[in-house]
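The whole structure should be built from the sequences, with the hints applied where relevant.
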Amino acid sequence: MSVGNSTQQVSYGDLSAILQETERYAKVIYASSSEQLLNQLLFDYWDGQESCEMRTKPPQKILDGIVFTEVLILRAWNEHRLGQAGGYVYPLHNRCFRAPNFPYDLPKPDPDMQAYIDRVILDEHGNVRDVDDAFPARRTAKLMNAYYAIPGPLEPNSLRVRPELPRNDVAAAKQPDPSPVAVEQPQSRPEPSGDAKARGSQGTKSRPTAHDDHNRLADAPGTNLDFPNGNITAVEILAFFPHWLKSWDVIDRLVSNGWTTSVMTRVINCLREMPNGPVASNTVLRMMAPSMRHRPEGQYAKWTVGSHQMPANWDPSSISVTGFRTPRLTHPRTGNGADTLNAPVPPIPFKDLARGVEFWPAGYDALDLTQCIQYHVAHPEEEWRFPTDFGALLDRIGRITVLPEHSDSVAFQRWCANKNPTDLSRVSEAAQSNENAPRGNKQRREEVDSSSPGSGQVERPSKRLRIDSAGESTNNAQQGGVNGINDAQFNPNPAQPPPACFNSLGFQYLHTIHLPPPHEVDDMAENIRWSHQNYEQGFTLSPQDIATVTALRIRSGWCSVHCLNAMGRSA
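Anchor point for the sequence shown: position 194 equals 194 in UniProt numbering, and the numbering is continuous, going up by one each time.
By construction, these hints were calculated from the structure, which means they are not laboratory data.
All of these numbers come straight from a predicted model, not from anything done at the bench.
Where a beta carbon is used, it is the ideal one built from N, C-alpha and C, also for glycine.
Careful, some of the hints might be misleading.
Here are the simulated DSSO-like cross-link-like pairs (lysine-lysine), alpha carbons at most 27 Å apart as the crow flies [what the hints assert, rightly or not]:
| no. | residue 1 | residue 2 |
| --- | --- | --- |
| 1 | Lys-27 | Lys-302 |
| 2 | Lys-142 | Lys-57 |
| 3 | Lys-27 | Lys-61 |
| 4 | Lys-27 | Lys-142 |
| 5 | Lys-61 | Lys-142 |
Just the calculated beta-carbon pair ranges, DEER-fashion [stated by the list, open to error]:
| no. | residue 1 | residue 2 | range |
| --- | --- | --- | --- |
| 6 | Gly-306 | Asp-133 | 24 to 34 Å |
| 7 | Pro-111 | Ala-17 | 21 to 31 Å |
| 8 | Asp-226 | Pro-111 | 55 to 65 Å |
| 9 | Arg-325 | Asn-276 | 28 to 38 Å |
| 10 | Lys-302 | Ser-32 | 14 to 24 Å |
| 11 | Cys-416 | Arg-293 | 23 to 33 Å |
Take a look at the structure:
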């Protein structure tokens, strides 16, 4: 990798310090140039800060991406001033609207600094010079002796701007671009990772545009799908209906109960398939902010997650969506194409809601909706549609009792504690559906050999370590059975359970939860009963553990007496 004059790679702590200084310096030298330019740069730095906090990528890769994107923005500024009509820079997904925390805390004008900017940073035409001091991220990385990939010189004719169409001008979107500009690649870019090289050998793809980023959720139900009368957990909303984040009522509920864009993004990327790559936190913010700024009250004109005001008489324990409204009812589109954009989404078969969902909500993240989808996937010949048949289907299969653990605030704490949600990909293969099962049916299936011919899957050894009763780590991949657990271990172990109720990530051990009443025989109740007999495994309320326990029960045919009695009564 080509690097600048630097001596060391960065850590997450170093990167956080670099980005703080980068943001401060950018506000100093570009505050007087253009709000639009400063917005684009700050969005680049905020994206990096978000990735740094979530630790979704190595810190060196985050820094290289920031330095590279910074050059793209300033190069586009020199070429066409970022599109004076209010467009967005290709290939960035950041739209040039007012940033969330505008007005910024900008420094007071300094004549000496302005003279320095006019002499060193900008030329006589207002273009950015190709000097290190003009690039805040590059300059700060050099000052802190950090490695960074050199993205190439500040050359023209390498980017294009696509004008941002009026919101209601649908017909204009079908017109060809009157003045196309060829897209050329910069001379040098950060060296791709091994995965990127492998993908590159199969075909070259351009960097994603705003349209591509939005379409990463194109397989999810539409924004204007009506809400049912009933209870839906926050994780169920994000997993099955991410476009509902444009609803005033959903935003009010999640943000008032403490949810942040980073954790919302984590849930979406963790539970949905995302074949085109994960969504960014700024994408989630841009789903919510324009909707909230359409509200008639004055305090919403510059709405942000941080400035959100909790509604009066707020009930944080409620997870009901009864009476929630879609955007077509609260702030409908106007102008050309409004009839199409404001049309309600037809009811959807429950089984189709599983499409695009890789891991179903589990444990206390799952409630009536997940149960309905599981039922319809198992009985596809029946006719059940969401939301019109939600109540009728629950009358058929029964409702789950809402507990404090189902609340939004507790769910938020669970997902905050799970610092490495990508471990869901290591859930036992028994918890995933075979290729003939409907997508999303990850928890109810017959056990298959994922490495058998024709399965289309390659067996993945588990890398997860557990702590045995003696305090020593053991590799489950070497123990046999599902997720490394032998069939013989389904019998109760006479050893005493560990005294702790919570693991290091804050998830409660299943065997420390009180046994549910006999009439409750749903998956969660059965998982708790199973864990009381198999407490030495140390399974917790984490999403991946819940999925694994469910798979273990199904594989072994384990069933409690209460469940057998319930099945006998129903028969």
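Checked hints:
no.	hint	in the structure
1	Lys-27 x Lys-302	20 Å, holds
2	Lys-142 x Lys-57	21 Å, holds
3	Lys-27 x Lys-61	24 Å, holds
4	Lys-27 x Lys-142	19 Å, holds
5	Lys-61 x Lys-142	16 Å, holds
6	Gly-306 x Asp-133: 24 to 34 Å	31 Å, holds
7	Pro-111 x Ala-17: 21 to 31 Å	29 Å, holds
8	Asp-226 x Pro-111: 55 to 65 Å	59 Å, holds
9	Arg-325 x Asn-276: 28 to 38 Å	30 Å, holds
10	Lys-302 x Ser-32: 14 to 24 Å	22 Å, holds
11	Cys-416 x Arg-293: 23 to 33 Å	27 Å, holds
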